[in-house]
Amino acid sequence: MGTLYSINKTNWDSFLSRLSLECDLYAPKEIEDGWTYQLLTKDNIPQIRYEDYKYCSIDPIKIFFLPIKETVTESKEEALGSKKRVIIGLKSCDLAALSILDKVFLSEDFVDPFYQEKRENTILISSDCLDAKESCFCTEVGGNPFPEQNFDFNLTLLDGDEFLVEVGSEKGERLVEENKTLFSKAKEEMVQKRQQKRREMKAKVKGKNKVFSSKVVKSFQDMLKAKDDSALWKELSEDCVECGACTNICPTCHCFLLIDLAQKEKFFKDKTWDSCQFNGFSQMAGGADPRDELWKRFRNRYLCKYSYKPENFGLLACTGCGRCIDACQGKIDKREVLNKIAVSP
Amino acid sequence: MKNPYLLTQAKIEKIISETSEIKTFVLKPKESLLFATGQFIELTVPGVGEAPFTPSSSPYEVNKIEVTIMRAGFVTEKLHQMKEDEVVGIRGPYGKGYPIDKFYNKEVLILGGGVGLAPLRSFLLTLLHEVDKFKRIILCYGAKTPQDIVYKEFFPEWKKLSGLEILRSVDKANKNWKEYEGVVTILLDEVKVNTKESVAVVCGPPIMMKFGTKKLLELGHQPKNIYLSMERNMSCGIGKCGHCALGKYYVCKDGPVFTYDQIKDVSEIWV
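Taken in order, these protein sequences are the chains called E and C.
The first sequence begins at 1 in the numbering used here and counts up one residue at a time.
The second sequence begins at 1001 in the numbering used here and counts up one residue at a time.
None of these hints come from the bench; they were simulated from the model.
Being a predicted model, the structure only gives us computed values, none of them experimental.
From the three backbone atoms N, C-alpha and C, an ideal C-beta is built for every residue, glycine too.
Calculated lysine-lysine pairs in the BS3-like style (CA-CA distance at most 27 Å, straight line):
(1) C:1264 x E:296
(2) C:1253 x E:296
(3) E:83 x E:42
(4) C:1002 x E:171
(5) E:69 x C:1002
(6) C:1248 x E:309
Residues from chain C that face chain E, not an exhaustive set, calculated with beta carbons under 7 Å:
(7) 1003
(8) 1004
(9) 1005
(10) 1046
(11) 1047
(12) 1048
(13) 1238
(14) 1240
(15) 1241
(16) 1242
(17) 1268
(18) 1271
Turn these sequences into a full structure, and let the hints guide you.
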């Protein structure tokens, strides 16, 4: 656990104001059915209503590190060097997704310099969940509705005007050091209060997932391997319309397409989001396609998240954010799919 | 920091027409690109598209790279329209090649079909570079017809080499054809290989990979000694874009050379 500090709202706003001198600030903004991020001006800092952003945003965290489209063949000077950013309002399910994205884009053999640069130049400010959506299931995939990793600062709202701030990185510690008059040592009763709130929140998420047994999750890997049967997957994928919403909205899905383009004398390559759910995603020259049927593509998403990524990285590539459940045009609930796999003979 | 998506320019020095559908492009990269046999490169037709190819030339040849390309899709169609002295982009090499040192003192059986001989030619040239280190080298190659055989001008030279045995078959012979007729796997019945002391290296069209592997297993070859050069839609080449997923592996990063043992349980192994 990182160092814990206490800070009142006025001082916290001053802290953000100071950060805003060097950084772009992104903070929650309410929209229909949830919230998204907006670029803040310094004057708007006091208006962030932390108590209103109770669970994860509609957009997954990857929008900050993997833009929907970016040109990757520019020289470093032109393409990189973006302004530093502060992102406020992140929840633990999104932070957990960074562990997967880091494994993919910062792997030792080939680092993606575009991802790396954005990652290094971003300060992540998260907060504990204050409520859960019907689709939330972080507690069933090894997570919790409160951040424990990958943040620079995590806020816990306590009663009154005080925040409990946990510092989660060296970057964060340095910033506290530079602004130490604003922070004070956390009192023991605040820490206790946080623990109690966290316990309650965890129970709430668990309560929403009573039918979805976490025992199922523990054995995902073996279970999915054993259930290779096409009839089952055909049935499970019956309502899938191949829209790709589940992969687009997923914070850990990282697949992309490289597109070659020409503009007058200039040639370049763009990297855009892609989806393993789309027909043709795995098609080779000549037409052969290992996942030429919908049920194979549908199965691939489950295998990737619950079997392949755990085998490769030791991590599930599902953080239980529930966005794919909310976004599915066919009303497919991933938890039900996994339950059906578990009980099928 | 190195940008892995950046290209090196390469001039098309020479184009050799192998068959009506297959051409070999001799490329001269601006900056030399060293590869291990079995690794692949990404080749870009500027502004058009990019596709993966395994070089067919020897890795010991450092100033040029040859790629043998069948007209099969959008990018390869454009490539076939290109002329000598035009410029393409290349990046790589990517993936893991053949673990040559594991093949020392063994009988090496090479099974190739059609344009699948391209990476195998690079492999063969690598073996021939230190031919004394291998107990035997046997090349079994099959094509649809005698006209569809690639590297026609090299076979006469190869046939003269001691230490290299060559068997060839065509699915449909003509009256001048004096070698075997039938699918390439029939050649495996003709060569007696000590499967305890051998490795088999396979590359060809999907159907041939499947039945070739099946036949090798029937003949007693060990799954861990069967090396398959797998084709998938490798795009980024660096294990990130997801297009070439083969079970838990990315072919671009973990392959393209796999032992059958590594991938035998992947449900989508054969296409």
